[in-house]
Structures are given as C-alpha cells and as structure tokens.
Amino acid sequence: MVTPLIELDDLGVTFGKRAILKNLNGSVKGRAIGLLGPNGAGKTTLIHTLLGFHPPSAGTARILGHDIAENTKSLRAAVGYMPERDSFVAKMSCVHFVRLMAELSGIPSEAALERAHEALFYVGLGEARYRSVDTYSLGMKQLAKLAQAIVHGPRLLILDEPTNGLDPPTRARMINLIKGIRDGGRARILLSSHLLRDVEECCDEILVLKDGRIAANCNLDEERKANRKFIELETRGGDRAEFAEAIGRLGCEYALSGERHIKLVMGEEIEISDLYRLAFERQIQIRRLNYKRDSLEDIFLKAMEEEETGATRGGNGNGRL
Amino acid sequence: MAVFENAYKGYEGGLTPQWSRFLVLPRYSLREVFKSKLFTALFCLCFIYPLVAAILVYLHHNANAIQLLQINVRELLPINASFFLYFVQFQGWCAFLLTVIVAPPLVSRDLANNALPLYLYRPFSRAEYVLGKMSVIVVLLSLITWVPGVLLFFLQAYLEGAGWLWRNLWMVGAIFTGSIIWIVLLALLALAISALVKWRVVASGALLGLFFVPSALGGIVNGLFQTRVGHLISPAALITNVWRGLFGHYVREVDRYTTDGIRGRGLVEVVLLEPPLWACWLMIALACLVCLWLLARKVRAYEVVK
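Line order of the protein sequences matches chains A and B.
Each step along the first sequence adds one to the number in my numbering, with nothing skipped, and position 115 is 183.
Each step along the second sequence adds one to the number in my numbering, with nothing skipped, and position 204 is 205.
No incorrect hints appear here.
Computed cross-link-like contacts, BS3-like style, restricted to lysine-lysine with a CA-CA straight-line distance of at most 30 Å:
(1) B:36 with A:209
(2) B:10 with A:209
(3) A:159 with A:209
(4) B:199 with A:141
(5) A:141 with B:10
(6) A:159 with B:199
(7) A:209 with B:299
(8) B:299 with A:85
(9) B:36 with A:159
Selected chain B positions facing chain A (in silico; Cβ < 7 Å):
(10) 9
(11) 114
(12) 122
If you're looking for bench data, these hints aren't it; they were derived computationally from the structure.
The C-beta atom is built at its ideal place from N, Cα and C for all residues, glycine as well.
Please take these sequences and the hints and turn them into a complete structure.
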C-alpha cells in the first residue's frame, strides 16, 4: 500500500485573529500532487506549515507518515524545498552555495561537493556553476533553487511556483526536470502553482484550496477516465448514417456532425472495441477518435464555482475528501 | 547521481552528527571573511600589540637584551594585573573594530536575499543558525583577545617561575572572562542589529552609533547631574567597569569635591560614585537578553505580518 504523501488532520493555522487554513482534513497519495488555488487561498501557508515555519493553531499533519510537530528533524531530512521568491546566499559561487546546503542537510563535506556538482549538471547549470548566484538570470536562479532542493536526495520535493517568471524554453526545461524526478520514482512531488498547465503536465493528483479550505481533491487520471464518455469520430467511406444507427442500437446517444463526423455519448457497458467492430462490419474507416474530457481548467473552475455556491460535497468545507 | 547518468538519485551515504552541523556556517563564513584584503590587513594589525607586549615580557627577563638596548628596567611597564588589564582593554577595542567590519553581513545578507527558508527547512534550527553565525565572531575575536592574553600570561609565568604563576593564576580567569563577555556582547549586538536593519552598511553604522551615542548621552547626564549614573547606558563604561572589577582595579568612588550649592545655600560636597559592579553586570546581561529576543523575532524563515 502506498504511504500517503500528506495527511491533514483537522489542520488549522491562524495569524493573529485571522484564520488562514481552516480545519483541513484528508490525505493525498499521488506521485506528484498539484496544489492549486487562487491568490490568497492558503497554498504557501500550507507549505510553510508542513515545513514547520508556522505552528498549527489546531490539528496536525503528517508527511510520509511523520507528524510535523513531533518528528521535525527526521522529517526535514526527507524534504527538499524550492521557495517561490528569490532565495540564495549572496557573494557565493553556485557550487559552494549548493554544497553548503548539502552540508547543512548532514552530507559530509566531500560527498556534498560531489553532489553539488552533480545536482548543478542535472539542472543544467554545469557550465555556470562557478559563477556567483547574484549574477544569475531569473531562470538560472530558479534552476539553482531546484539544485539546492534536490542535492541531499529528498524523498519529498516541495516546489512553490517553480516556473514563475520563466521564458518558454526555460519553463519547458523546468517541467521536464520535474517530470524526470517524478518518473524516477525516488522522490514524490508537491507542486504549488497557479499555472494550471504546469500542474496538468506534471501531476497525477490535485488539491484545490480556496479561502483556506479544500475545494477539491481528485486524482487526475481517474477524473479523466470518468469523462471518457464523450467521443467524436471522424469516418471515411461506407454508409455513415447506417453506422450511426448501429451505434445507436448499441445504446449510445449519437449525432451526425458535418460530412464525416459522428458525436456520441458512450453507454455504460460499451467498449471502444465495439465501435471498431461495427465499423469493420460496415466497411467504414475510423480515421480519428477523440475523447472529449474535462480539462484541469474545467475541474478547477468547477471547484471554484461549487465553493461559491456553497455546494461543496462533504458539507464541512473540506471538499471531496 | 553520476553526471553521465543525468538522472535524479537519492543520497544513501552516511550523515554527519547533528550537533556538528552549526560548525558548517563558520567554516564557509570564515572563508568569505578572509577574501577581504582590508579585513585580513586589519586582523594582522590586531596582533601588533600582543607582539609588543610579548617583547616587553621578554625584555623584563633578559638582562643581556636590556643591557644591549641600554634600557633601564624601571622604565619598563611592570608585568602585573594592570599590564594585563590594559592588554584586555586595548585588544577589546580592536575586537570592536573588527566586529563592525565582519559581523553585519553575516545575517543581513541572508535576510536581504531570503536565504533563511533554505537554511531552516533543513534539519537545522534557528538556534543553530544563530550559534553558527555567532561562532564566526567568537572565533575571530578570541584569536585577538583572550588567546594571545592567556599565551602572554603563560610566557610571563614561564619566565618568572612557578611562584608567580600560582600567585597570579586568577588573572587567567580574568583575561578569559573579561574577553568572552565582551565578545558575546559584541556578537549579539552585531547580529541583532544586522537582523533588524537587514542592510550591511546601515548595520555597521548602527553598531558604531550604539556605542558612541549612548556614551555621549551618558556623558551629558553625568555632566548635568554631577553623577556617574549615565555610565549605565554606556556600553563602553559598563565593560570597562566589569574589566576593572575582574582585575581588582574597580573603584566605586571616583571623585569627591565641594561646590557652590543652589541659590547660595553654601558649599555642597559632591561624591561621584561609579555604578555598582552588580548593576554593570546586570545591564550587560539585559543587553544580551534584548539582543536574543530581537534575534528570536527576526531570525525566522518568513515573517508573519499581522
């Protein structure tokens, strides 16, 4: 059984009299979790609380099974964090900066130097590693932050807006690095971003926050599977109308569209292979078959709307958990 | 993760002991500090007085050298508590100058560049961070204060003999305690100020100001009210009293004179009393506590704005 990456147990955080996170409950298990939400939703506060920067005012949370209040040191040894804002040690070459960070995580000096070089080559800063971080461009600073986050080999990598301010090639590079780490299977990822495209590309599970509450928590793959019912076919040859009627007899709703397209809603027990069988029997070529599914944007907007209309499933402000 | 593999790989090797991690900071910081030629030159200059003092000690015990240089031994400074008190005072002020140069960037740069979250999300606490940064100052200042002071004492003891050593062994404690108190006070003040202002140049100026402005204010209070209570707000006067106390040179009554009373009420006897020693110690302890409180408030991964 997969260890839950994060378990939230009635977690609340208050600054002064203002509640920022309100009794969050639930758990996430995916390899890469996307943390979404509008500005001020509490994403960064949740990350900071998980890292122990802010004490919870109520409840607790567990990361990889460790309670954030009790096993602070062992927990922190297992975490890598890339902050949102520019963060670096000034007047220091990048390789020394990353080595310092590795040593602070407990890696002996020589091994730390070796890993610093490797981490910088891995993120693509190998050639610039002896330059002072102060002189780096924004994209390079983001990559340096990623290097310091992975240098000690964490099991959980927390990335706060990793593609902020990056140009398209650097963004693509960052996304590829994140996907590489995810697919390597040695570290799980918590990615906070307001860019849905980044989350969609990298994550298999999402947690949507709004006003300090969980508005939605879903597995993207399952969500996509659930939306595989809408299909659009492009056909060639044969009798399209007869083919459509045959599909209708299977139990699908259908509509002819244009000269070559058929739109249909699949029945409960109908498989795609049934469509191909019908097409073969009627000598019709299926040139294209498109699933119409909810995009992450649809899921996100739906969660926001549900929150606004007070129609949150669960009734206690904890969304779908 | 080997370079040629170019893939993410976890770390499976051994780890350093938790207690030793704070020592990583001084190692890196000292390397940075000695990159500055100005600092290195000043640091070397700080050893001139210990060298001169060592020569004096040597001359006291070398008749041939005295004869050669045609010096009257009575003209040389006597090697006693006053000699070591003056040594501690002189080196103490050198330490202050070094602190003004070296201490402010230690914390202010990290705060200005948001580096604290990177330190503090690791198994590395705020206390370890402050301890690590403080140890940079402690190491540097120790090298120019109590370390040469104690070496000088043992040089004198070696040349003078065991009797002198046992009679004056208490001075080792005075040299060490007097220097360490000063070093800790300087380190805490410098770190607290730089954490507060987050700007190296301003922090250096503020540190200088913190020593000279209260001293000036204390002087005004003393002059206006014909007292010495103003010394309680002057770090320089406080530490001088503490040093004198440690070396047995503290005198409470510094002056006694008569003056005209107000509105012709005749002559009034004025007795100028230094603040009691316990009050000097208390003020230094209070200053340290305030600095620790400031550091506890400012050295955080993120400041919460309420």
